[in-house]
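Asks: Residues per chain, in single letters:
Protein chains: 2
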Amino acid sequence: MNISRKRLLQRLDFLAKIGTTAEAGVRRLALSDADKQGRDLVVKWMTELGLTISIDQIGNIFGVRAGQQDIPPVMTGSHIDTVDNGGNLDGSLGVVAGLEVIETLNENNIVTIRPLVVAVFTNEEGVRFQPDMMGSLVYAGGYDLQQALATTDDRALVLGEELQRIGYAGDMPCGDIVPNAFIELHIEQGPILEQEKITLGVVENLQGISWTEVIVAGQANHAGTTPMHLRRDAGYCAAAITTFVHDLAQEIGRGQVATVGVIELQPNTINVVPSRAHMTIDLRNANNDLLIDAEQRLNSFLIKLAQNNGVDIQSNSLARFDPVGFDKAVVSLIENSAKKLRHSYRRMTSGAGHDAQMMSRVCPTAMIFTPSINGVSHNPAEATHADDVMAGANVLLHSLIALANQ
Amino acid sequence: MNISRKRLLQRLDFLAKIGTTAEAGVRRLALSDADKQGRDLVVKWMTELGLTISIDQIGNIFGVRAGQQDIPPVMTGSHIDTVDNGGNLDGSLGVVAGLEVIETLNENNIVTIRPLVVAVFTNEEGVRFQPDMMGSLVYAGGYDLQQALATTDDRALVLGEELQRIGYAGDMPCGDIVPNAFIELHIEQGPILEQEKITLGVVENLQGISWTEVIVAGQANHAGTTPMHLRRDAGYCAAAITTFVHDLAQEIGRGQVATVGVIELQPNTINVVPSRAHMTIDLRNANNDLLIDAEQRLNSFLIKLAQNNGVDIQSNSLARFDPVGFDKAVVSLIENSAKKLRHSYRRMTSGAGHDAQMMSRVCPTAMIFTPSINGVSHNPAEATHADDVMAGANVLLHSLIALANQ
Numbered sequence: 001m002n003i004s005r006k007r008l009l010q011r012l013d014f015l016a017k018i019g020t021t022a023e024a025g026v027r028r029l030a031l032s033d034a035d036k037q038g039r040d041l042v043v044k045w046m047t048e049l050g051l052t053i054s055i056d057q058i059g060n061i062f063g064v065r066a067g068q069q070d071i072p073p074v075m076t077g078s079h080i081d082t083v084d085n086g087g088n089l090d091g092s093l094g095v096v097a098g099l100e101v102i103e104t105l106n107e108n109n110i111v112t113i114r115p116l117v118v119a120v121f122t123n124e125e126g127v128r129f130q131p132d133m134m135g136s137l138v139y140a141g142g143y144d145l146q147q148a149l150a151t152t153d154d155r156a157l158v159l160g161e162e163l164q165r166i167g168y169a170g171d172m173p174c175g176d177i178v179p180n181a182f183i184e185l186h187i188e189q190g191p192i193l194e195q196e197k198i199t200l201g202v203v204e205n206l207q208g209i210s211w212t213e214v215i216v217a218g219q220a221n222h223a224g225t226t227p228m229h230l231r232r233d234a235g236y237c238a239a240a241i242t243t244f245v246h247d248l249a250q251e252i253g254r255g256q257v258a259t260v261g262v263i264e265l266q267p268n269t270i271n272v273v274p275s276r277a278h279m280t281i282d283l284r285n286a287n288n289d290l291l292i293d294a295e296q297r298l299n300s301f302l303i304k305l306a307q308n309n310g311v312d313i314q315s316n317s318l319a320r321f322d323p324v325g326f327d328k329a330v331v332s333l334i335e336n337s338a339k340k341l342r343h344s345y346r347r348m349t350s351g352a353g354h355d356a357q358m359m360s361r362v363c364p365t366a367m368i369f370t371p372s373i374n375g376v377s378h379n380p381a382e383a384t385h386a387d388d389v390m391a392g393a394n395v396l397l398h399s400l401i402a403l404a405n406q
Numbered sequence: 001m002n003i004s005r006k007r008l009l010q011r012l013d014f015l016a017k018i019g020t021t022a023e024a025g026v027r028r029l030a031l032s033d034a035d036k037q038g039r040d041l042v043v044k045w046m047t048e049l050g051l052t053i054s055i056d057q058i059g060n061i062f063g064v065r066a067g068q069q070d071i072p073p074v075m076t077g078s079h080i081d082t083v084d085n086g087g088n089l090d091g092s093l094g095v096v097a098g099l100e101v102i103e104t105l106n107e108n109n110i111v112t113i114r115p116l117v118v119a120v121f122t123n124e125e126g127v128r129f130q131p132d133m134m135g136s137l138v139y140a141g142g143y144d145l146q147q148a149l150a151t152t153d154d155r156a157l158v159l160g161e162e163l164q165r166i167g168y169a170g171d172m173p174c175g176d177i178v179p180n181a182f183i184e185l186h187i188e189q190g191p192i193l194e195q196e197k198i199t200l201g202v203v204e205n206l207q208g209i210s211w212t213e214v215i216v217a218g219q220a221n222h223a224g225t226t227p228m229h230l231r232r233d234a235g236y237c238a239a240a241i242t243t244f245v246h247d248l249a250q251e252i253g254r255g256q257v258a259t260v261g262v263i264e265l266q267p268n269t270i271n272v273v274p275s276r277a278h279m280t281i282d283l284r285n286a287n288n289d290l291l292i293d294a295e296q297r298l299n300s301f302l303i304k305l306a307q308n309n310g311v312d313i314q315s316n317s318l319a320r321f322d323p324v325g326f327d328k329a330v331v332s333l334i335e336n337s338a339k340k341l342r343h344s345y346r347r348m349t350s351g352a353g354h355d356a357q358m359m360s361r362v363c364p365t366a367m368i369f370t371p372s373i374n375g376v377s378h379n380p381a382e383a384t385h386a387d388d389v390m391a392g393a394n395v396l397l398h399s400l401i402a403l404a405n406q
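Here the protein sequences line up with chains V and Z, keeping their order.
So the first sequence is residues 1 to 406, counted in the numbering used here.
So the second sequence is residues 1 to 406, counted in the numbering used here.
Next up, chain V with everything else stripped away, as it sits in the complex (with noise of 0.2 angstroms):
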């Protein structure tokens, strides 16, 4: 039993024509006009396909297909909306892959044992409304739904009024539906696997992440003028602990990266010892003592760095997530589908956030990868080659099927 190749690809085609940009990638922000297009297109397929439709407080949307028996679920899913301008594949192959994992079943006239569902979950991206992977967040009740209604965007306009705007204030809770076990298939998003050359990714864990701010305040000097041991380098001091911090991912190894994506100095002038530096230090690991431990290292830098350059360093933390460690069993699950149908894998580590993150806290879950060619994400050129994403799909329709005849 395969899914239709030819189906897929135009689900997908059709899905990514809505919010084209000049660039060819899509802007699909979530709870705009072209979410709402979206979101309608999804629900006219899942009509057609007989599901039962809920859409819940935040603007969830699932499609249920009945079982044999009444009771909890298998679900599936992802997210529609995408970043300013991203690519196809980023939350809508789950989407997608799941709805032709219920057409395939009505195909082969397969009803499971536990009823299935397909979930298409509320501002994943972040990027309208902070923060980021709200609906599943919501619906693990991770964070406030009225808090989460009363988000602005940068316009001013409120989250709640603009779901009613398009038609998705739902009235279920959230949370209402308790599945057995929660599947979502996504693009890495990162290079690891084309550069293996493995089809499929079997994700067991997603990384923790710690972001940080520091702000250094040294004292502008005059660059030719102020001998070295004189001199408090704000500039010197981020630069410090940017390499700090990549040497540090590299000694500790084990999944660990660092990043500083932001620096900024001031006055910034070619022949100006710089007095201030701003910058962020962004850190992951799926493993929280490694994590914690590069924490602490890095405070540890801070204090003597400071100390010994006559700088005032001070660091804020912006973000702290600790590492999710999926499912065994459903992990097991994916890698003895992917075993069957005879494609490559490899257990591996989610270096983003998933809505999947979030329903591991109510339910079994894991996650199944297609590769990211040139391991490009949130960008036009974001693609995955057709026989991976069949590939992904595939494994998708039997490990839903097999966990839900359990």
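Heads up, some of the hints might be wrong.
If you anchor each label on the Cβ, the simulated ranges turn out as follows [as the list claims (entries may be wrong)]:
1) Z:Ser300 / V:Val158: 54 to 62 angstroms
2) V:His278 / Z:Gly126: 26 to 34 angstroms
3) V:His278 / Z:Gln195: 28 to 36 angstroms
4) V:Phe14 / Z:Asp154: 47 to 55 angstroms
5) V:Gln296 / Z:Asn308: 27 to 35 angstroms
6) V:Asp40 / Z:Asn308: 49 to 57 angstroms
7) V:Arg361 / Z:Gln296: 52 to 60 angstroms
8) V:Ala156 / Z:Thr20: 38 to 46 angstroms
9) V:Arg165 / Z:Asp33: 54 to 62 angstroms
10) V:Asp176 / Z:Glu213: 58 to 66 angstroms
11) V:Arg297 / Z:Gly126: 41 to 49 angstroms
12) V:Asn374 / Z:Thr269: 18 to 26 angstroms
13) Z:Asn308 / V:Ser54: 51 to 59 angstroms
Quick caveat, the hints were computed from the structure, so don't treat them as lab data.
We treat Cβ as the ideally placed atom computed from N, Cα and C, and that holds for glycine.
For chain V, the structure is supplied; the task is to place chain Z on it using the hints.
Replies: Chain Z only, in chain V's frame:
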């Protein structure tokens, strides 16, 4: 014989009142209305002192006091243009002290063997018109007069027309007066004298400058999903270059300084590995061999860094000036004056550029520095204790007399 403390400080105050800013600094950009008023005041003083005034084609002002013989004169002077919100000593001290030398000689009815000249050079700061040190550079034959006159500011106003407008487009050919020696009194604009509790600097040389712009082109990647070994991190490379030149300066020692004043990242976002970095490197040393060594070691590092990190690194020289060695005899003569007047002094290197740097192409030259309180310059807080100002002016007086009677 001493210069009048009261009168010298008063003249500095009069000059500082022209172009005073809200922050109690001075804004007297070259060839602005304020510069015209400042020049008019200096010319009035020169006239009152009985000096013969001539203006050359780049607007430099010369006030000549006849000597016993009509032979090449001894010259002193500096500039009266300022940066946007500068202090009241940078430039002005050298001009005002020169006038006070004349007034002191007048009071004491002393006529030196050689004539004495007080010079006011056009556009030393280079804020409004580039290059800086323009008046003395054209005077010394280092820059074409017509090219200098054709320079425009950021409102497309032409330097030559501005000189006409303020009445300082003179007809004396540049370089017409060839001095026998030149001494410039200037504030240090650095922390060394204050740190070492020394009253005066006897400037024996001036650093060479090497300005390089570096552009690192890497690849933007997701900060979570991209393993460290698959990154092409332009931000990390910029940081590594910054720490490299910092450590290099300390390793080379012997006056080597290195400054990274500008770092700009793209996309400059917390969770994206930077794809591009733009930065500047300012290397200075009074010893050209050491400066060349620093440049070569930087270049080798850039090549290795690009190879090791899969990035492209382009570097362009923005400026390169060889160090200037001042005249040993003039330096000794200034030392002897300081010794006689019982002021503490040390030989030192100028880290900033000065008109004396250009004049040293024309005649034996050296400089006298007064301490900068807190090392601050180009800032309303720029200051030298009055006792030290007077020490500098009196050493200038006695040095000029000694030179003019040789």
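Asks: Now tell me if each hint is right for this structure.
Replies: Hints and how they fare:
1. Under the hint 54 to 62 angstroms, the C-beta atoms of serine 300 of chain Z and valine 158 of chain V, about 58 angstroms apart, fit the expected range.
2. About 29 angstroms separates the C-beta atoms of histidine 278 of chain V and glycine 126 of chain Z, a value consistent with the hinted range of 26 to 34 angstroms.
3. Taking the beta carbon of each, histidine 278 of chain V and glutamine 195 of chain Z are about 29 angstroms apart, inside 28 to 36 angstroms as hinted.
4. In this structure the hint that phenylalanine 14 of chain V and aspartate 154 of chain Z lie 47 to 55 angstroms apart at CB holds, the actual value being about 53 angstroms.
5. Distance hint check: the CB atoms of glutamine 296 of chain V and asparagine 308 of chain Z are about 28 angstroms apart, consistent with the given range 27 to 35 angstroms.
6. A hinted range of 49 to 57 angstroms for the beta carbons of aspartate 40 of chain V and asparagine 308 of chain Z is consistent with their spacing of about 51 angstroms.
7. At about 58 angstroms, the beta-carbon gap between arginine 361 of chain V and glutamine 296 of chain Z stays in the expected band of 52 to 60 angstroms.
8. Range check, alanine 156 of chain V to threonine 20 of chain Z: about 44 angstroms between beta-carbon atoms, so the 38 to 46 angstroms window is met.
9. Arginine 165 of chain V and aspartate 33 of chain Z have their C-beta atoms about 58 angstroms apart, which keeps the hinted 54 to 62 angstroms range intact.
10. Taking 58 to 66 angstroms as the suggested C-beta distance range, the pair aspartate 176 of chain V and glutamate 213 of chain Z conforms, at roughly 60 angstroms.
11. Roughly 45 angstroms separates the CB atoms of arginine 297 of chain V and glycine 126 of chain Z, a value that falls within the hinted 41 to 49 angstroms.
12. The hinted window of 18 to 26 angstroms between asparagine 374 of chain V and threonine 269 of chain Z holds, with their beta carbons roughly 19 angstroms apart.
13. Remark: the range hint 51 to 59 angstroms for asparagine 308 of chain Z to serine 54 of chain V is upheld by a beta-carbon distance near 55 angstroms.
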